[in-house]
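Work out the full structure, taking the sequences as your base and the hints as a guide.
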Amino acid sequence: MDFLQNLDPTVQFILFSVVKIGVVFGVTMSFVAYSVLVERKVSAWIQDRVGPNRTAPPMAQFVPILGPFLTRLGIFQPMADGLKFLLKEDFTPSYVRKVYFWIAPAIAVIPAFLTLAVIPFGSTLGNPGNKMVIADLDVGILYTFGIVSLGVYGIVLAGYAANSKYPFLGGIRSSAQMISYEIAMGMSVVSVFLLVGDLNLSKVIEYQAHGGWLVFKQPLAFFIFLVAAFAETNRLPFDLPESESELVGGYHTEYSSMKFALFFLGEYANMIASSAMMVTLFFGGWTLPFIGDPASGLLGGLLHIGIFVAKMCAFMVLFIWVRWMFPRFRYDQLMDLGWRRFIPLALANILVTALVVAFVNR
Amino acid sequence: MPEFTDLLFYAFAGLTLLCGFLCVANPLSRNPVTSAMFLVLTIISMAGLFVLLHAFFLAAVQVLVYAGAVMVLFLFVIMLLNIKEEERRKMNIAAVGVGAVAVATLAGILVRALWHATPLATTATVEGSTRTLGRILFTRYLLPFEVLSVLLLVAMVGVILLSRKELK
Numbered sequence: 001m002d003f004l005q006n007l008d009p010t011v012q013f014i015l016f017s018v019v020k021i022g023v024v025f026g027v028t029m030s031f032v033a034y035s036v037l038v039e040r041k042v043s044a045w046i047q048d049r050v051g052p053n054r055t056a057p058p059m060a061q062f063v064p065i066l067g068p069f070l071t072r073l074g075i076f077q078p079m080a081d082g083l084k085f086l087l088k089e090d091f092t093p094s095y096v097r098k099v100y101f102w103i104a105p106a107i108a109v110i111p112a113f114l115t116l117a118v119i120p121f122g123s124t125l126g127n128p129g130n131k132m133v134i135a136d137l138d139v140g141i142l143y144t145f146g147i148v149s150l151g152v153y154g155i156v157l158a159g160y161a162a163n164s165k166y167p168f169l170g171g172i173r174s175s176a177q178m179i180s181y182e183i184a185m186g187m188s189v190v191s192v193f194l195l196v197g198d199l200n201l202s203k204v205i206e207y208q209a210h211g212g213w214l215v216f217k218q219p220l221a222f223f224i225f226l227v228a229a230f231a232e233t234n235r236l237p238f239d240l241p242e243s244e245s246e247l248v249g250g251y252h253t254e255y256s257s258m259k260f261a262l263f264f265l266g267e268y269a270n271m272i273a274s275s276a277m278m279v280t281l282f283f284g285g286w287t288l289p290f291i292g293d294p295a296s297g298l299l300g301g302l303l304h305i306g307i308f309v310a311k312m313c314a315f316m317v318l319f320i321w322v323r324w325m326f327p328r329f330r331y332d333q334l335m336d337l338g339w340r341r342f343i344p345l346a347l348a349n350i351l352v353t354a355l356v357v358a359f360v361n362r
Numbered sequence: 001m002p003e004f005t006d007l008l009f010y011a012f013a014g015l016t017l018l019c020g021f022l023c024v025a026n027p028l029s030r031n032p033v034t035s036a037m038f039l040v041l042t043i044i045s046m047a048g049l050f051v052l053l054h055a056f057f058l059a060a061v062q063v064l065v066y067a068g069a070v071m072v073l074f075l076f077v078i079m080l081l082n083i084k085e086e087e088r089r090k091m092n093i094a095a096v097g098v099g100a101v102a103v104a105t106l107a108g109i110l111v112r113a114l115w116h117a118t119p120l121a122t123t124a125t126v127e128g129s130t131r132t133l134g135r136i137l138f139t140r141y142l143l144p145f146e147v148l149s150v151l152l153l154v155a156m157v158g159v160i161l162l163s164r165k166e167l168k
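Order-wise, the sequence lines are chains A and B. Numbering follows this note's numbering, with no gaps: position 139 of the first sequence is 139. Numbering follows this note's numbering, with no gaps: position 10 of the second sequence is 10.
It is worth saying that the hints were derived from the structure and are not from the lab. In this text the structure is predicted, and so the values were computed from the model without any measurement. Note that beta-carbon positions come from the ideal geometry of N, C-alpha and C, so glycine has one too. Since no wrong hints were added, every one of them can be taken at face value.
What the simulated footprint calls covered on chain A by chain B, stretch by stretch (three residues with Cβ under 8 Å from a Cβ of chain B suffice, anywhere in the stretch; the number is not a length):
(1) 133-147
(2) 152-158
(3) 165-175
In silico negatives: residues of chain A with every beta carbon more than 10 Å from chain B:
(4) 12
(5) 50
(6) 78
(7) 91
(8) 113
(9) 207
(10) 217
(11) 302
(12) 350
(13) 352
Structure (structure tokens):
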């Protein structure tokens, strides 16, 4: 490791950033693949089924005990799924708008990964200067909201590109839904930052390490953020842009093969990003009530990353669990909930928090 | 690395100009959705220019408000009204003449202003944390800020009034 210390600081910074980007991207991609498996398994358990239990590479059955066990868990299923997505025929209907049809899936995926850049997924690793966040932005949360708000383009353009009725309706629904819930989401976070006094996400975690998790101080903000996150990721009970029973498949009806897979990937990457946001904003990030200081060694740093990932997984399971427990909202109910319940509630929350901060905290 | 930021500046400035041009006068497509998408790209490249000036807050808000909300609503309206591709109109000599004079005048003013401007010794940045920005907004620029807020409120109330169905 000596030659690393002797490098020019700029080169060192670039090197570490590239490594961090690569690792975060790789880990997120495998998380996406395996959260699909978890989704299928959890749904199977909830519906009293078995779920994927027989996909296996040719050699697996010859490994005693472990082979059949892993097969029954469905560990190999995501690999088969991924291969299938890549190898299936990529069909482009004749009536679509070609250019938008090609770029829409890409636009749907990119924002989900860009939001991960500002999330502090650990304290430090190795030497103290090596922070475990790709970009330690001062306007962290605003960056996140900016990028998240671009996510709607992928869906809207997909609906427009397909040039047929159901995808178009899905696209229109999603743009209205995502804009509405972005407002509630943004407002719920304002009260958090009134308490913390900074927009930088690392500062938010620093505050929580010493002042307790924000979910206990801002339960209402957390609840609004959680529900808005479901709406932003188009997950049930708010999956109206793709509701199967009304719109066939919504905005991705006309897509096949890898292009469809990209929408799928975008949805799960979005779930991961919003889980990570909730952990960072309300559940203390990489801290635990008794572990608050940045790690000194390699082992401590890895432990912090482990804590963060564990909390994130808990939220992923919550996302999946809710999907199989609740029926879909009607569209007018969705809009009513967003505009007439959550936005006034979030505004009231900001007002109360501001008053408390102004009169009690000083 | 000053050269690198210079390079980025030229890249973003070029993108802004190119996308702005393609937004209003795209030779390949007369589709309003394409124009709107190029406007989004223009806005995002302008946000890149803000970042180069260290105005991170402005850049983030630019993307959040304009690219993320306003332009999505633009697209929404274009799609809902089902605006067809615009037909190419015949050139009107008088209109072209008036347009040329207007553009020449504006360009003249801009070039003149640039010509007489003395370049600063140090590069001026809009540096400052969000905290200082907020403090300035609520002290030195309180009146304009409040007036703008009231203006926005008036617009909002007006829209709600106009969109009510039982309006006589």
